[in-house]
Amino acid sequence: MQQTIPESLKISPFMAAFVIVSMQIGIGVLGYQRLISEDAGYDAWISVIMAGLTVNVLVWLMYKICETVNGDVMAANIYAFGKIIGNSINTLFIFYFIMTCLTVLSGLIEVIRTWMFLGMKPAFFASVYLILGIYIVNGGFRTVVGIALFGLVVPAYLLLSFVAPLRFGDLTNLLPILDHTPVQLVKSAYNMTLTYLGYSVLLFIYPFIKEPKKSKKWVHLGLFSTMAFFTALAVITFAYFPIALLQKSIWATLEMWKIVKLPFIERFEYLGLANWALVILPNVAISLWVASRIVKRVYHINQRKAVFVIAAIVLIVVIMLDSRERINTFHDFQAKAGFVLAYLYTPFLYIVLLIKKKVKAK
Amino acid sequence: MNKVRVIIAILLSILLLNGCAQRKVIDDINIGTGIGIDKGGNQLLGSVMIPVFKADKSMENFIFTAEGSIMRDVIAQMQQKASQPILNGSLDIALFEDAVAKDGIVQVLDVFLRDPSVGARVHLAVVDGKAQEVFEGNYGDRGNAQYLKELIEHNMKGGNLPVANLHRFLFDFYQEGKDPYLPYIKKESNELVTIIGVALFKNEKVVDILHENNLFYFKLLVDRFTTGQIKVKEDHGEATVKSITSDTKLKLTKRNPYEITFNIHIQGILSEHQGIRLEKGEVKEVEKALEKQINKTCMQLLEEFQKQEVDPVGLGHFVKTKTRNFNFDKWHNDYQNVTFKVSTNVRILEVGVVE
Chain A
48 MQQTIPESLK ISPFMAAFVI VSMQIGIGVL GYQRLISEDA GYDAWISVIM AGLTVNVLVW
108 LMYKICETVN GDVMAANIYA FGKIIGNSIN TLFIFYFIMT CLTVLSGLIE VIRTWMFLGM
168 KPAFFASVYL ILGIYIVNGG FRTVVGIALF GLVVPAYLLL SFVAPLRFGD LTNLLPILDH
228 TPVQLVKSAY NMTLTYLGYS VLLFIYPFIK EPKKSKKWVH LGLFSTMAFF TALAVITFAY
288 FPIALLQKSI WATLEMWKIV KLPFIERFEY LGLANWALVI LPNVAISLWV ASRIVKRVYH
348 INQRKAVFVI AAIVLIVVIM LDSRERINTF HDFQAKAGFV LAYLYTPFLY IVLLIKKKVK
408 AK
Chain B
7 MNKVRVIIAI LLSILLLNGC AQRKVIDDIN IGTGIGIDKG GNQLLGSVMI PVFKADKSME
67 NFIFTAEGSI MRDVIAQMQQ KASQPILNGS LDIALFEDAV AKDGIVQVLD VFLRDPSVGA
127 RVHLAVVDGK AQEVFEGNYG DRGNAQYLKE LIEHNMKGGN LPVANLHRFL FDFYQEGKDP
187 YLPYIKKESN ELVTIIGVAL FKNEKVVDIL HENNLFYFKL LVDRFTTGQI KVKEDHGEAT
247 VKSITSDTKL KLTKRNPYEI TFNIHIQGIL SEHQGIRLEK GEVKEVEKAL EKQINKTCMQ
307 LLEEFQKQEV DPVGLGHFVK TKTRNFNFDK WHNDYQNVTF KVSTNVRILE VGVVE
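Chains as they are written, first to last, in the working numbering: chain A, 48 to 409; chain B, 7 to 361.
This is chain A alone, in the form it adopts within the complex (with noise of 0.2 Å):
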């Protein structure tokens, strides 16, 4: 049922954490603190943490599934479902890795056209990028996971820049604390479970990890940083922008950044940005890699060949969503997909699998 994956191109059981995390920050983050302040406003750090850790119970529940049937999602589905629906859920989460590859690079290429060169064209933009992302993936799963711990730790030192913004900031903005309904509190933690997305990739990387058991409290320690940041971003925020402020900043992360002055360079932002490209790049190859992945597993088709295929669909669509609005929609709906697979279809599968093995053991 099973193929099984040789030795040499599994991963550590540490670096399992840097695929989930590098997965988590993508461009969400860039604008994150005014949707979840719409409905608990500065309460919103709160929901941050609710959110945090729900994640840590679908990843909990993501390795439970992985270890009944001591493999991937995709032999998950084949084996609740049978062949031909569970290969049809497979394919539908070819659609949902496209998507958030398309979601991550189209958001990008918008930021960079808004606050550095308004006359760059996406196609060109985005074509090297996904040249690069193809050529990553062509080096295999283990060079993925490398370029997803280079897109953590080299831009790493970003998280200095936020200590300049708390120094203008206000952090009685925060008060008094629960000043919020739980119903508005649970609202805005839904909205932050948008921004947690990613882990689910945990789904198909399983396999590839050495001794997955040992792999798991690293990866819980990897959700748990990246709870953390967000947290620590929100506060941080939250205390900068007054809440009417923040409300009309479409990217609030790129505009604390105004603030930051260093000797040898005027606007930071500029450089901050510059970095997010390398933030940014884990995301496209990490789903580039899921979706070529599965289309092998499913059709039998050659990986290398899968995800041109996979590039060129998203190089054609990055070119379609052009405006804001456009960019808007297809996030929205890129969120509520990842939301449905995330806390409705992790539970619901991991029932059918009990039910089943219950039902073959008699």
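None of these hints come from the bench; they were simulated from the model.
You may find that some hints are simply not true.
Taking lysine to aspartate or glutamate and the EDC-like style, the derived pairs with C-alpha atoms no more than 16 Å apart in a straight line are [said to hold, decoys possible]:
no., chain 1, residue 1, chain 2, residue 2
1, B, Lys108, B, Asp134
2, A, Lys168, A, Asp369
3, A, Lys308, B, Glu278
4, B, Lys328, A, Asp226
5, B, Lys239, B, Glu297
6, A, Lys295, B, Asp121
7, B, Lys155, A, Glu313
8, B, Lys336, B, Glu315
9, B, Lys328, B, Glu265
10, A, Lys295, B, Asp116
Put chain B on the given structure of chain A with help from the hints.
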């Protein structure tokens, strides 16, 4: 082998074409360092100051002016006059004529907020007189924009001026229960500009000017740290105290009606003293006299703000942070009935190198 060559050629051409996003070479642009907005009849009169670098390393300023009803229109007209594009990525200062500031400046600031190339540290100031006239002067040898920027910056850092830049202004403006303020400057002569006070805004309009000799107390109330100088009168004559650090804590001591207590702590040094010798215990007296003086003046200021219905201290925001389900509509009435208490604690740490 041929295939590989074709692919490499395509890749290279894509890379090269990507380099064709617009470039802005520093020699081919006009760097707008200062922008001024005056009122001309019903229209806005904009002026942009451009530094011109001469071959002998000296600097001059050139000013583009244009008239229009909204800011973008004004800037577009200026571009028609300029031989090279005017860019505002390194804008240092924006000045507003007091008449413009009395009508409201937020619709003007929208240009700065919307344009990602304008930094958040741009200094804003209200001018007694025309902004264009300020730009027409010739100050210092580093250019006008640098002069104006440094004038404001060093007074914020070491003087009595409270910190106010584009971000601070927008922060206070959008913060419910707080009103913004900006430095108020005046052109003294062709070589000098002075800070003569602070312009107090209600919403987006200037309603009052705070005179320069109240700035120390104002900074104590609105800013986090105060490093200014203040003159004290005591029995032996006058003395000046330089504050090193200060800390103002607000306390909501009573509700219905609200009573707010200000606890001000200042640590400073005695920087000047009239009198032949500094007697024993005199430092204590200076401390006491200064405490009394601060209590009295801060109280006056707070009551003055109340009368004018402005809230630069952010009392509305402060009470909100202490109250659940705070109602700002009700606050507007309550603000009139707030009573204040100010208690100050001054510690003079050093008296200089002589006694």
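Hinted pair, alpha-carbon criterion (16 Å max): B:Lys336, B:Glu315. Please report holds or violated.
holds (14 Å)
Holds or violated: A:Lys168 with A:Asp369, Cα cutoff 16 Å?
holds (10 Å)
Take the C-alpha atoms of B:Lys155 and A:Glu313, compute the straight-line distance between them, and say whether it is at most 16 Å.
Holds, because 15 Å separates the two Cα atoms, which is no more than 16 Å.
Just to be careful, I want the Cα atoms of B:Lys239 and B:Glu297 compared with a cutoff of 16 Å; is the pair within it?
At roughly 11 Å apart (the allowed maximum being 16 Å), B:Glu297 and B:Lys239 satisfy the hint.
For a C-alpha distance cap of 16 Å, please report whether B:Lys328 and B:Glu265 respect it.
holds (13 Å)
Holds or violated: are the alpha carbons of A:Lys295 and B:Asp121 at most 16 Å from each other?
holds (13 Å)
Is the straight-line distance between the alpha-carbon of A:Lys308 and that of B:Glu278 16 Å or less?
violated (36 Å)
Tell me if the straight-line CA distance from B:Lys108 to B:Asp134 falls inside 16 Å.
holds (12 Å)
Given the hint that A:Lys295 pairs with B:Asp116, test it: the Cα-Cα distance must not exceed 16 Å.
Roughly 11 Å separates the two Cα atoms, so the pair holds.
Would you mind confirming whether the straight-line C-alpha gap from B:Lys328 to A:Asp226 stays at or under 16 Å?
OK: B:Lys328 and A:Asp226 at ~11 Å, within 16 Å.
The structure fails to meet hint 3 from the earlier list, while all remaining hints are met.
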